[in-house]
Structures are given as C-alpha cells and as structure tokens.
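Take these sequences, add in the hints, and give me the full structure.
Residues per chain, in single letters:
2 protein chains.
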Amino acid sequence: MSVTTPRGFRAAGVAAGLKSTGAKDVALVVNDGPSHSSASVFTSNRCLANPVLWSQEVVKDGTVRAVVLNSGGANCYTGPEGFATTHAVAERVATHLGIGAIDVVVCSTGLIGLANDRRQVLAGVDRAYDALGTAAAGGGPDAAQAIMTTDSVPKQVVVESAGWSVGGMAKGAGMLAPQLATMLVVLTTDAVASAADLDTALRAATRVSFDRLDSDGCMSTNDTVTVLASGASGITPSLPDLTDALTHACTDLAMQLLADAEGADHEIAITVVGAATEDDAVEVARSIARSNLFKAAVFGNDPNWGRVLASIGTTQAAFDPADLDVAMNGIWVCRHSAPAADPGTVDLKPREVTVTVDLKAGQARATVWTNDLTHAYVHENSAYSS
Amino acid sequence: MSVTTPRGFRAAGVAAGLKSTGAKDVALVVNDGPSHSSASVFTSNRCLANPVLWSQEVVKDGTVRAVVLNSGGANCYTGPEGFATTHAVAERVATHLGIGAIDVVVCSTGLIGLANDRRQVLAGVDRAYDALGTAAAGGGPDAAQAIMTTDSVPKQVVVESAGWSVGGMAKGAGMLAPQLATMLVVLTTDAVASAADLDTALRAATRVSFDRLDSDGCMSTNDTVTVLASGASGITPSLPDLTDALTHACTDLAMQLLADAEGADHEIAITVVGAATEDDAVEVARSIARSNLFKAAVFGNDPNWGRVLASIGTTQAAFDPADLDVAMNGIWVCRHSAPAADPGTVDLKPREVTVTVDLKAGQARATVWTNDLTHAYVHENSAYSS
Chain A
0 MSVTTPRGFR AAGVAAGLKS TGAKDVALVV NDGPSHSSAS VFTSNRCLAN
50 PVLWSQEVVK DGTVRAVVLN SGGANCYTGP EGFATTHAVA ERVATHLGIG
100 AIDVVVCSTG LIGLANDRRQ VLAGVDRAYD ALGTAAAGGG PDAAQAIMTT
150 DSVPKQVVVE SAGWSVGGMA KGAGMLAPQL ATMLVVLTTD AVASAADLDT
200 ALRAATRVSF DRLDSDGCMS TNDTVTVLAS GASGITPSLP DLTDALTHAC
250 TDLAMQLLAD AEGADHEIAI TVVGAATEDD AVEVARSIAR SNLFKAAVFG
300 NDPNWGRVLA SIGTTQAAFD PADLDVAMNG IWVCRHSAPA ADPGTVDLKP
350 REVTVTVDLK AGQARATVWT NDLTHAYVHE NSAYSS
Chain B
0 MSVTTPRGFR AAGVAAGLKS TGAKDVALVV NDGPSHSSAS VFTSNRCLAN
50 PVLWSQEVVK DGTVRAVVLN SGGANCYTGP EGFATTHAVA ERVATHLGIG
100 AIDVVVCSTG LIGLANDRRQ VLAGVDRAYD ALGTAAAGGG PDAAQAIMTT
150 DSVPKQVVVE SAGWSVGGMA KGAGMLAPQL ATMLVVLTTD AVASAADLDT
200 ALRAATRVSF DRLDSDGCMS TNDTVTVLAS GASGITPSLP DLTDALTHAC
250 TDLAMQLLAD AEGADHEIAI TVVGAATEDD AVEVARSIAR SNLFKAAVFG
300 NDPNWGRVLA SIGTTQAAFD PADLDVAMNG IWVCRHSAPA ADPGTVDLKP
350 REVTVTVDLK AGQARATVWT NDLTHAYVHE NSAYSS
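So the protein lines, in turn, are chains A and B.
Anchor point for the first sequence: position 275 equals 274 in numbering that gives the first Met the number 0, and the numbering is continuous, going up by one each time.
Anchor point for the second sequence: position 50 equals 49 in numbering that gives the first Met the number 0, and the numbering is continuous, going up by one each time.
I should point out that these hints are in silico values taken from the structure, not numbers from a laboratory.
There's no promise every hint is true.
Since the list gives no way to pick out one identical chain from another, each pair is judged satisfied if it fits inside one copy or across any two copies.
With a straight-line cut-off of 25 Å between C-alpha atoms, the simulated DMTMM-like cross-links for lysine to aspartate or glutamate are [as the list claims (entries may be wrong)]:
1. K359 with E80
2. K348 with E379
3. K18 with D341
4. K59 with D31
Here it is as structure tokens:
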C-alpha cells in the first residue's frame, strides 16, 4: 500500500530536525531496477523553487534512479545558496548509491523564502540511506510520513494490475491549484515501460486528476509528480493499460488531497455538461471553483446559484446567458437562467457537494474539484506562515 | 456634497418596502438640463441583470434624462418577468417626467435570483417622484442612502472646478472585481459636454479607478457607472479638464468602496513598477490581489513575500524570475528573488498596507487596490445570501 509495493523499490523516511516538531522530514525512494525509466511533470509557475530548477534538468533524459524529498523548508526563493543545497543533496544521494547526481530528483516542501541548514539536510540524507528498505513494508509508509507538512494524514495508493502494480504517495493540503496543486507526488511501478510511454501516460493521468483540483486558486512553486518504472515484474502493459493505472492512482491521490485540504468543511465536485469543448467545460468549472463568494456560500450551506451564474458569465465559453441550468446536489435550482426548484430543498450539510451546470452548447463535459471557503482556511493561512 | 451639488439636478431617496428593514430603497436622479448628454460603462460579465440589459439600450444614443435605482433586489436571473419589471419602472419614471422611457437608465442591486414585487417598486417610484428635490441639498444625500446594501456608510463626492463641478454617489461593499466592482455609480456635472467627450472622459476615469479595485476577484452582474451632464453652468471644460475631474471623482469613490469592503481589516495598495507595459503591471498586481494565501497572510499581519512571488509567477508578464524585488510598507524584504530585509521589521498592523514589486523590465507602472481575506469576509458571505 505504498511506493514500495511494486517490486524493485526501497524507501525510507527519517527525522533530520528540519521540522521543529521532531517529526520525520527527509524521504528517499530508490529504484533498484533493472530499468530506470521515468517521467515527471512540474508546476507551471514561472517563479520556481530550487529543487524544481534542478529536477527539470535531471528528468530530461528519461532516467531517474532515486527521488529525495524533504519537508520543513521549500528551498524556494533562497538564491544561489539554496540551489547549492539542492545540488549537494543530489550529490550525497548519488555518492551513497554509486550513481550520478544527474539521476537524482530532488523535491522540497515547507516555508518559502527560508533556507534550510545544509549540513542538517545532508545528515538527514545519510540517515535515510542507512534506513533504506529496513522499515515495515520496505520503508514506503515512512517516506509518505516524512513528506507531510500541514497534511493531517499521509496519502498513499496502490493500483494492482495483472502481475504488475503502481504505488504512490503524495503530500499537499493547501495551495491546491490549476496546473498542479501544491504537492509532491512519487509514483512507482514494476511494469516495463519506456520513458516516452511513461511521459504520455503520466500527462494523460495528471490532466484529469491533479490539474482539475483547485482548492484555493493559488499555484505553488514546488509541485512535482515523478513516476519511476523498475521493470522488475517483467511485464510490459499496453499504453492504455498503463495510462489507466496511472490515472486511477493519480485520481485516488487527488481525492485524498481534496479531503485533507486546509480548513475545508466541504468537498465540491463541479461538473459542467453540454459544453462545446472540454476546454470550455474546464474553464467554466474552474471559474466557479475560484469564486470566493460561491465557496463562502457553500460553507454557509447556502445553495446560492446566482453566484454560480455570475462566475460562468466571466468566462469566454460558448453558451447562451439566458439559457443556463444549474443543479446543486441533483436539484435543478436554476433553469433557463431563472429560478426553478426551491433552493430550500437542497441540503448542503453533507460534506460532499455536487454542482452541475448545463451549458447546452455541445456534448463535452469536465469535472473540477474544490473546497469551501471557511473560517478555518483563513485561520490556517493567516496565523501560520507557509 | 452629492449628485445634486452640480446645477440642473434633482434627486430623491425613499423607502418602498423592498428592504425588510424599512430603510430607503428607491432613488431617482433627474437631469433638468438644458443638456441631457450622458455616457455609461457596465460590467463585462456576460450573464447580465435585467436592468443592465435595459440600460445598455438606453445609453446608446448618448441621451439620458433620469436614472432610477433600487436596492433590496438585483433583478438578476429573474427571467422575462424581471425584464418586464425593469421596463415598467422606466415607463413609470417617463410618465411622471413627460419623457420617453428610452431615456431612463435603471439600476438595481441586492439579492440575485429573486424577483421584486413589481407594484411595490412602482409605488416606490411614485413616492420618489413626489419627493424629487424636496429634501435637504436637493435630495442627493437621500438618494445615496437609498442605494446602500451591505454598505456601512453612504458614499458621495464632489469635485469643484472653475464655475462647474462634478457630483457623485456610489454603492458597493463586496464582489469588487476587475472590469468594475459590484457597484452602482451615478455622476452628475453641470459642465457643457458632448456625449462623445463624456464617454472618452468616463472610460479614461474608470480604467484607472474602479477597474483597478479587486476586493475579492468576483465580478458582478449589475455594475453600472453613468454620468449625466446638464450643461447648466454654461461652461465647456476642455476634454483633459473634464477627464481630470471625472478621474478625481471616480478615484475618490473607489477609495470609499475599498475602505468599506465587506469584512476587511486592511486596505492594500499593490504597485508594480519597472514593468515592460502598463498591461503587464496591471496583470501582475491583479494576480497578487487575487491570491487568497497572500490576502490571508496580510490579515494575520504576516509580511509573506513568498506568496507575492508565487503569484507573480502565474502571470505572462515580462520579468526575470530570479531578479524580482518586493517591498512591503516600504521595506524591501525581497531582492533578486531572495530574502533581503528582515520581514520582522515590517509592521502590518496599520489598516493601510502597500506592496511594491519591481519587475526590472521597463518603465511602466500601475496600482491595484484590494483588501485582506478575513474571518469577517467569510462570515458575511456565508451567513447571508446576496
């Protein structure tokens, strides 16, 4: 039930003192092969953290042998010294494993603009190497714990296929946004797959999972999703099967992120149907997911469909402004852009809320997931730096 | 100090029972001429309220003789019956004044998706006509009160020029967003001005005032800014002078809206300098103004410049991600995208906060104003429908 479920992987999660609580904060995932093909996607933010700047170079040749991750500091906007720390971490992992640093992906998460103590991180890497594969279940569960920040629970997944499997772990609890939530994700598989196929499958999987999670509209600087394939099963799945398995794993982890979003009282699935194109459907759903007024209304259990229409009207999608239908939890409270069923019959108290919009402009559809805007969100993001 | 300060205008504000509190809720502003030239700008939302659909037709010929406004109901997403109510209101005003309904702008504000009782609104129009110009200062202050919704204070302005003046009133306290805040604004002037010159001057004025107010990123469905020129002063100002006076009036009213934004603890002026173009400066400033994480940090008096850089990175503006400078309240906490002055020296307790970003890409600059994200904002927008 972790990144070490597929054959060919060892992992570890240890405490290096980066977190003031003394909790685990350095994780290492190693691909023992025989294959080392890999693919990654990163945040589309232009102001990137140092580990992303490093890892973008690492992944270019499709070969990754290890991923080292730390919480307790994002190493973002920390200047050349911060980049040197990232480089030193990759070198240290490489030295231990007898490989090249250019095959080591580095991920960091935590406070932006604050440099970690380099010696402290490197000591954590040493400890993680010593612990590789020694803990329960090959160390995967420890690694999942070591990447947590404001997460209240570790997030892991396994998808079993015929003779091969996909394992995964994720961190992320706020700043979930378009073009990836603020999150680090490592996926492993013992399938035999080329780097090119992994890239195709991973992009297809993230496009309909992490890319459609929009917790608070804020885009992170450190987001990284990396998949490692060991080939240890000896089985070569078809590209559709590989894509299905990765999509399943990414969607499961995305829903775990959504359920653990900072301060949220509701998980909201916004589905737009009848769109002229899938892009239109995503644009409309995302505009609703980003309306603070709509999100505050859901927090207040108020089925305020007017705020939904006001958001739709800000988009460039194809629709007739006088002929929009909106349902909340299955009840069509708005038909033809005017009141329909009594909103008083919509019960928004359950944690899961659905909003359905019919644009009546075509056959395409898409779902975007978000959370409500709550007092606890404001509290978590005003009382604590991150 | 109101819309009736310039010569040639009468106004009224009365209670018609649309507000459950019994407060004033119908306002009427009449231009007694000799000229009736006018210009207007409206929300760019595609899902428009009925009064906007009506008024867009009214203003086309550059002649407006009266503006009738109601609070207690936005008449938005209320279908054909709602449009019929708007039309009936314009006809009733026209009948009283002996003019055509096509010269009567109608504005409504309040709850979306709820139809007002037509007879109640029309009775309010009758009462407002009877009260025209009879109250203190020609009725302007009463009109300003009658358009309030969640506003805690009425908003009025007068700009005096040599022999002529501009008066104005505004309502708006939330949903302040790009391409106009949620607000109704009536401006009056006794200057002699053609409709074309008024249009040019008004668009120049709103572009740098209301269009740069972004309280919560949510765009309204009812926003209207109308300027009426009576020509009663007999003075024809130059276009630059007219533009200056309208810009002064609009900026003053915009700052009153900002200061009264729902639940805000801070007013934040985000100034981007060193931009390649003014559009770049606005895009960057607006991206920061829309970051819930940044706004929550300001509420918590946390000078979190990392969240500023993370927002800048989401834009397409010209800049070097490794060479951005950020100041908060004049202290440069970030230089070259890395920590500079100690953020602990920034005191964010005062209500007014400034953020300055230097993109080092050119000479253009722009300021966008926003508020912090507070518990009170969440409370106002979750506990009450609007």
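Hint check:
no. : hint           : result
1   : K359 with E80  : between (54 Å within a copy, 22 Å between copies)
2   : K348 with E379 : both (22 Å within a copy, 19 Å between copies)
3   : K18 with D341  : between (50 Å within a copy, 21 Å between copies)
4   : K59 with D31   : within (20 Å within a copy, 73 Å between copies)
Of the numbered hints stated above, none is contradicted by the structure.
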